[in-house]
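Sequence order for the protein chains is P and B.
Going by the numbering used here, the letters in the first sequence line up with residues 1 to 332, in that order.
Going by the numbering used here, the letters in the second sequence line up with residues 1 to 406, in that order.
Do not rely on the hints blindly, as some may be mistaken.
What the hints assert, rightly or not - Straight-line C-alpha distance at most 20 Å; calculated SDA-like pairs for lysine to any residue:
{"#": "1", "chain 1": "P", "residue 1": "Lys262", "chain 2": "B", "residue 2": "Ile151"}
{"#": "2", "chain 1": "B", "residue 1": "Lys2", "chain 2": "B", "residue 2": "Glu30"}
{"#": "3", "chain 1": "P", "residue 1": "Lys262", "chain 2": "B", "residue 2": "Pro159"}
{"#": "4", "chain 1": "B", "residue 1": "Lys124", "chain 2": "B", "residue 2": "Glu30"}
{"#": "5", "chain 1": "P", "residue 1": "Lys118", "chain 2": "B", "residue 2": "Pro159"}
{"#": "6", "chain 1": "P", "residue 1": "Lys118", "chain 2": "B", "residue 2": "Asp210"}
{"#": "7", "chain 1": "B", "residue 1": "Lys233", "chain 2": "P", "residue 2": "Lys116"}
{"#": "8", "chain 1": "P", "residue 1": "Lys173", "chain 2": "B", "residue 2": "Ile171"}
{"#": "9", "chain 1": "P", "residue 1": "Lys116", "chain 2": "B", "residue 2": "Leu213"}
{"#": "10", "chain 1": "P", "residue 1": "Lys150", "chain 2": "P", "residue 2": "Ile257"}
{"#": "11", "chain 1": "B", "residue 1": "Lys164", "chain 2": "P", "residue 2": "Gly260"}
{"#": "12", "chain 1": "B", "residue 1": "Lys295", "chain 2": "P", "residue 2": "Thr65"}
{"#": "13", "chain 1": "B", "residue 1": "Lys124", "chain 2": "B", "residue 2": "Ser92"}
{"#": "14", "chain 1": "B", "residue 1": "Lys197", "chain 2": "B", "residue 2": "Ala178"}
{"#": "15", "chain 1": "P", "residue 1": "Lys262", "chain 2": "B", "residue 2": "Asn223"}
{"#": "16", "chain 1": "P", "residue 1": "Lys153", "chain 2": "P", "residue 2": "Gly44"}
{"#": "17", "chain 1": "P", "residue 1": "Lys7", "chain 2": "P", "residue 2": "Thr65"}
{"#": "18", "chain 1": "P", "residue 1": "Lys108", "chain 2": "B", "residue 2": "Asp210"}
{"#": "19", "chain 1": "P", "residue 1": "Lys173", "chain 2": "B", "residue 2": "His102"}
{"#": "20", "chain 1": "P", "residue 1": "Lys262", "chain 2": "B", "residue 2": "Glu157"}
{"#": "21", "chain 1": "P", "residue 1": "Lys262", "chain 2": "B", "residue 2": "Lys13"}
{"#": "22", "chain 1": "P", "residue 1": "Lys262", "chain 2": "B", "residue 2": "Ala178"}
{"#": "23", "chain 1": "B", "residue 1": "Lys233", "chain 2": "P", "residue 2": "Ile257"}
{"#": "24", "chain 1": "B", "residue 1": "Lys295", "chain 2": "P", "residue 2": "Glu267"}
{"#": "25", "chain 1": "B", "residue 1": "Lys295", "chain 2": "P", "residue 2": "Asn6"}
{"#": "26", "chain 1": "P", "residue 1": "Lys296", "chain 2": "P", "residue 2": "Glu267"}
{"#": "27", "chain 1": "P", "residue 1": "Lys262", "chain 2": "B", "residue 2": "Asp394"}
{"#": "28", "chain 1": "P", "residue 1": "Lys234", "chain 2": "P", "residue 2": "Lys262"}
{"#": "29", "chain 1": "B", "residue 1": "Lys93", "chain 2": "B", "residue 2": "Glu30"}
{"#": "30", "chain 1": "B", "residue 1": "Lys233", "chain 2": "B", "residue 2": "Pro258"}
{"#": "31", "chain 1": "B", "residue 1": "Lys13", "chain 2": "B", "residue 2": "Glu157"}
{"#": "32", "chain 1": "B", "residue 1": "Lys153", "chain 2": "P", "residue 2": "Lys173"}
{"#": "33", "chain 1": "B", "residue 1": "Lys138", "chain 2": "P", "residue 2": "Asn117"}
To be verified - Each pair of labels, with its calculated beta carbon distance range:
{"#": "34", "chain 1": "P", "residue 1": "Val315", "chain 2": "B", "residue 2": "Pro159", "range": "22 to 32 Å"}
{"#": "35", "chain 1": "P", "residue 1": "Ile288", "chain 2": "B", "residue 2": "Gly298", "range": "28 to 38 Å"}
{"#": "36", "chain 1": "P", "residue 1": "Thr26", "chain 2": "B", "residue 2": "Leu196", "range": "27 to 37 Å"}
Unchecked claim - Derived coverage of chain B by chain P (criterion: at least 3 residues anywhere in the stretch with Cβ under 8 Å from a Cβ of chain P; other residues may be distant):
{"#": "37", "segment": "185-192"}
{"#": "38", "segment": "291-302"}
In short, the hints are calculated from the structure, not lab data.
Just so it is clear, CB atoms sit at the ideal spot from N, CA and C, and this is done for glycine as well.
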Amino acid sequence: MSILVNKKSRVVVQGITGSEGTFHTTQMIEYGTNIVAGVTPGKGGTVFQEKIPIFNSVREAVEKTKANVSVIFVPAPFVADAIIEATDAGVNLIVCITEGVPTKDMIKVYDYVQSKNKNGHTVRFIGPNCPGIISPGECKIGIMPGFIHKKGKVGVISRSGTLTYEAVDQLTKLGIGQSTCIGIGGDPVIGTRFLDAIKLFNEDKNTEAILMMGEIGGNAEEEAAYFVKKFVKKPVIGFIAGKTAPPGRRMGHAGAIISGGKGTAAEKIETLTKCGIAVADSPANIGITVKTALEKFKKKQAAKKSPKKKAIKKVIKKQVKKTKSAAKKKRK
Amino acid sequence: MKIHEFQAKSILKKFGVGVQDGIAITSIAEFDDAIQKLKENGATQFVVKSQIHAGGRGKGIVYNKYNRDEVVIEGGVKFFGDNIEKAKDYASKILGNILVTHQTGKEGKEIQTLFIAEGLDYKKELYLGILLDRQNSKNVIMASTEGGVEIEKVAAETPEKIIKVWIEPSIGISSYQARELATGLQLEGNAYKDFLKFIVKLYKAYESTDASLVEINPMVITNDDRILALDAKVNLDDNAVERYPEYYAMRDLNEEDPLEIEASKSNLNYIKLDGNVGCMVNGAGLAMATMDLIKLAGGEPANFLDVGGTASAETVENGFRIILSDKNVKAILINIFGGIVRCDRVATGVVQASRNLNIPVPVVVRLQGTNAGEAKKILDESGLNLISATTLEDAAQKVTMAISGS
Numbered sequence: 001m002s003i004l005v006n007k008k009s010r011v012v013v014q015g016i017t018g019s020e021g022t023f024h025t026t027q028m029i030e031y032g033t034n035i036v037a038g039v040t041p042g043k044g045g046t047v048f049q050e051k052i053p054i055f056n057s058v059r060e061a062v063e064k065t066k067a068n069v070s071v072i073f074v075p076a077p078f079v080a081d082a083i084i085e086a087t088d089a090g091v092n093l094i095v096c097i098t099e100g101v102p103t104k105d106m107i108k109v110y111d112y113v114q115s116k117n118k119n120g121h122t123v124r125f126i127g128p129n130c131p132g133i134i135s136p137g138e139c140k141i142g143i144m145p146g147f148i149h150k151k152g153k154v155g156v157i158s159r160s161g162t163l164t165y166e167a168v169d170q171l172t173k174l175g176i177g178q179s180t181c182i183g184i185g186g187d188p189v190i191g192t193r194f195l196d197a198i199k200l201f202n203e204d205k206n207t208e209a210i211l212m213m214g215e216i217g218g219n220a221e222e223e224a225a226y227f228v229k230k231f232v233k234k235p236v237i238g239f240i241a242g243k244t245a246p247p248g249r250r251m252g253h254a255g256a257i258i259s260g261g262k263g264t265a266a267e268k269i270e271t272l273t274k275c276g277i278a279v280a281d282s283p284a285n286i287g288i289t290v291k292t293a294l295e296k297f298k299k300k301q302a303a304k305k306s307p308k309k310k311a312i313k314k315v316i317k318k319q320v321k322k323t324k325s326a327a328k329k330k331r332k
Numbered sequence: 001m002k003i004h005e006f007q008a009k010s011i012l013k014k015f016g017v018g019v020q021d022g023i024a025i026t027s028i029a030e031f032d033d034a035i036q037k038l039k040e041n042g043a044t045q046f047v048v049k050s051q052i053h054a055g056g057r058g059k060g061i062v063y064n065k066y067n068r069d070e071v072v073i074e075g076g077v078k079f080f081g082d083n084i085e086k087a088k089d090y091a092s093k094i095l096g097n098i099l100v101t102h103q104t105g106k107e108g109k110e111i112q113t114l115f116i117a118e119g120l121d122y123k124k125e126l127y128l129g130i131l132l133d134r135q136n137s138k139n140v141i142m143a144s145t146e147g148g149v150e151i152e153k154v155a156a157e158t159p160e161k162i163i164k165v166w167i168e169p170s171i172g173i174s175s176y177q178a179r180e181l182a183t184g185l186q187l188e189g190n191a192y193k194d195f196l197k198f199i200v201k202l203y204k205a206y207e208s209t210d211a212s213l214v215e216i217n218p219m220v221i222t223n224d225d226r227i228l229a230l231d232a233k234v235n236l237d238d239n240a241v242e243r244y245p246e247y248y249a250m251r252d253l254n255e256e257d258p259l260e261i262e263a264s265k266s267n268l269n270y271i272k273l274d275g276n277v278g279c280m281v282n283g284a285g286l287a288m289a290t291m292d293l294i295k296l297a298g299g300e301p302a303n304f305l306d307v308g309g310t311a312s313a314e315t316v317e318n319g320f321r322i323i324l325s326d327k328n329v330k331a332i333l334i335n336i337f338g339g340i341v342r343c344d345r346v347a348t349g350v351v352q353a354s355r356n357l358n359i360p361v362p363v364v365v366r367l368q369g370t371n372a373g374e375a376k377k378i379l380d381e382s383g384l385n386l387i388s389a390t391t392l393e394d395a396a397q398k399v400t401m402a403i404s405g406s
């Protein structure tokens, strides 16, 4: 029903005793997420809200509680270390919420995690500067409002936080549920890119359609679009924010910048459309664009499976066989 | 964070990178001293370079600050050979006036600092840039024999003239990569050898300062076969610059929009634009999408404004104040998606802020999420000139009505 995280995910919170960590851990527990441990160096042995054991290190948390997902709320200067620690401790997924991490740190971390994966580990990180990941009805790992989501079959990927909530809200109100929603983050160096997330959704049997919400800066949307064109049979819907953004200015997110005339919304929308992605023209129409794309796809599927066509196909097949065997006989 | 050429060069110099020597002055009274010092260092020719945060200075036009139609002189960078008198005359004319280049927009930028530099005789101009390649999350060094031209132009017209090497994060720049670049730049003899040292030091400077861009355009081969940075542009990573108080002190507030500085003091992320509809939004992605929505509704966004996660009465009030200092604003759209933050609280904040300030333009308030219904009630019953909206569609229509009505 979902990718990366589900009911079975066992979550450790890095930075559980900080104000953000405390607040959102409480929210996550309320949603039903299985939080099994917290980590704050120096506070090992204490207990969070009378039920969650706190450890000094992620390794200890993993050993004692079998945590397999980590969520990071530590301040920006300590994020690189936190991701590396979680990677070494052996969790499979690291979700980094923190905003404002220096790019240099992330280049090193990205490289480190890649090299670990080459050496037989399977670890992925999401973020930084992201709202996290949620599989509605199963578990929420991050800071998104849980109640706007609805369990279902649309996979959502986005570089932004509140814009994702907006889109999810539109979907839910149209009765369209989500399999998993991933906020991949607004920074220039992130652990999971559009392409990675699209591959996962493409392989997930329970995801019927994919919504990707991008914005100005970089060309990760285009990279994903080319993959979609080649390999994805499910309907993919897109939205790109920042049509009116001026060049050379950073629009809030560190990665949202048009530089040297590259990374404009117009450019991205053109590529996405060319690759067969249905792009919503207005942020007000994201939900409805998904709905239309789904209906169109289902109609097509139905047409393919319709008995009339099947019957015609059978007849054609028979005839082809006949002529083939006739040809064989002749040759003999 | 952007810094000036003279600051960039001072950083590079610290890392041993060969740069054109020079002295920054802010008043013409310092001119003679600067020349004297440069002479003592062996300079015989001189260049005067305007220091503003924009490219294209040489081809820019200097306008009178007090009479914007009057052209003072063409060119924001000039070479004077050994004619010090002429150099001084030029410096006194441009200091304090407005330089307009293709990167500044028509408002231009006031020239508050001049870099008085040694004039160099050189054989060739080359290009060198270091930045992040987002596609594979590694730093890339780009070099080209086409120096003195914008690299975007080279990339578009003759991409084969750009040589790139990607730096392994765990290793750093390798000697063979430096040689590859030198060969690609068609360097020979002493220039080749000098470049190998130059590039290693330059990369070190890039890494050690948490720069997001180092661009040397042009990098020159002097007549005596040395490699020098004739110009230098260094951008520092906003997320890291506070790790370096010495570089953070290089921030020049004069180069920034006063409203943007004011906003940053209240922890608001504000960027001024030229339109007529102001907006206030929580979250950067939604803020960009809201700007796009304004355009679709027939308006032009007057700003980008992300109030962040809290959206309290205080932040909303500060937001209003900043948006309203822009006299082009004919209407305001507030778009808050209340997830963790409750909409009724935001609504109370909006009402409070509106009461404290006298807002002369229509305000469309769209609150969605937790307690949106209660929020709408608070707005509708406030008796203020607040137009409440629920969906984005609804908000867009109300913005259209608000601007056509004014």
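Do the hints match the structure? See the list:
1. P:Lys262 to B:Ile151: Holds, at about 12 Å.
2. B:Lys2 to B:Glu30: violated (25 Å)
3. P:Lys262 to B:Pro159: holds (15 Å)
4. B:Lys124 to B:Glu30: violated (32 Å)
5. P:Lys118 to B:Pro159: violated (33 Å)
6. P:Lys118 to B:Asp210: violated (28 Å)
7. B:Lys233 to P:Lys116: The hint is violated at about 36 Å.
8. P:Lys173 to B:Ile171: violated (51 Å)
9. P:Lys116 to B:Leu213: Violated. P:Lys116 to B:Leu213 sits at ~29 Å, over the 20 Å cutoff.
10. P:Lys150 to P:Ile257: Judged against 20 Å, a Cα distance of about 33 Å means the pair is violated.
11. B:Lys164 to P:Gly260: holds (17 Å)
12. B:Lys295 to P:Thr65: The hint is violated at about 52 Å.
13. B:Lys124 to B:Ser92: Judged against 20 Å, a Cα distance of about 31 Å means the pair is violated.
14. B:Lys197 to B:Ala178: Within the cut-off at roughly 9 Å; holds.
15. P:Lys262 to B:Asn223: Violated. P:Lys262 to B:Asn223 sits at ~37 Å, over the 20 Å cutoff.
16. P:Lys153 to P:Gly44: violated (40 Å)
17. P:Lys7 to P:Thr65: The hint holds at about 16 Å.
18. P:Lys108 to B:Asp210: Between P:Lys108 and B:Asp210 the Cα gap is close to 12 Å, so the pair holds against 20 Å.
19. P:Lys173 to B:His102: The hint is violated at about 47 Å.
20. P:Lys262 to B:Glu157: holds (15 Å)
21. P:Lys262 to B:Lys13: violated (31 Å)
22. P:Lys262 to B:Ala178: violated (27 Å)
23. B:Lys233 to P:Ile257: The hint holds at about 18 Å.
24. B:Lys295 to P:Glu267: It holds: about 18 Å lies between the C-alpha atoms, which stays within 20 Å.
25. B:Lys295 to P:Asn6: Violated, because 40 Å separates the two Cα atoms, which is more than 20 Å.
26. P:Lys296 to P:Glu267: Since the Cα atoms of P:Lys296 and P:Glu267 sit roughly 26 Å apart, the hinted pair is violated (cutoff 20 Å).
27. P:Lys262 to B:Asp394: Violated, because 33 Å separates the two Cα atoms, which is more than 20 Å.
28. P:Lys234 to P:Lys262: Outside the cut-off at roughly 29 Å; violated.
29. B:Lys93 to B:Glu30: holds (15 Å)
30. B:Lys233 to B:Pro258: Outside the cut-off at roughly 23 Å; violated.
31. B:Lys13 to B:Glu157: violated (33 Å)
32. B:Lys153 to P:Lys173: Not OK: B:Lys153 and P:Lys173 at ~47 Å, beyond 20 Å, violated.
33. B:Lys138 to P:Asn117: holds (17 Å)
34. P:Val315 to B:Pro159: 22 to 32 Å: Distance hint for P:Val315, B:Pro159 is violated at roughly 54 Å.
35. P:Ile288 to B:Gly298: 28 to 38 Å: Taking Cβ atoms as reference, P:Ile288 and B:Gly298 lie about 21 Å apart, which means the hint is violated.
36. P:Thr26 to B:Leu196: 27 to 37 Å: Violated, since P:Thr26 and B:Leu196 (Cβ atoms, about 57 Å apart) do not stay within the stated range.
37. 185-192: violated (count 0)
38. 291-302: Contact hint for the segment 291-302 of chain B vs chain P: holds, 8 residues under 8 Å.
In this structure, the earlier hints numbered 2, 4, 5, 6, 7, 8, 9, 10, 12, 13, 15, 16, 19, 21, 22, 25, 26, 27, 28, 30, 31, 32, 34, 35, 36 and 37 are contradicted, and the remaining ones agree with it.
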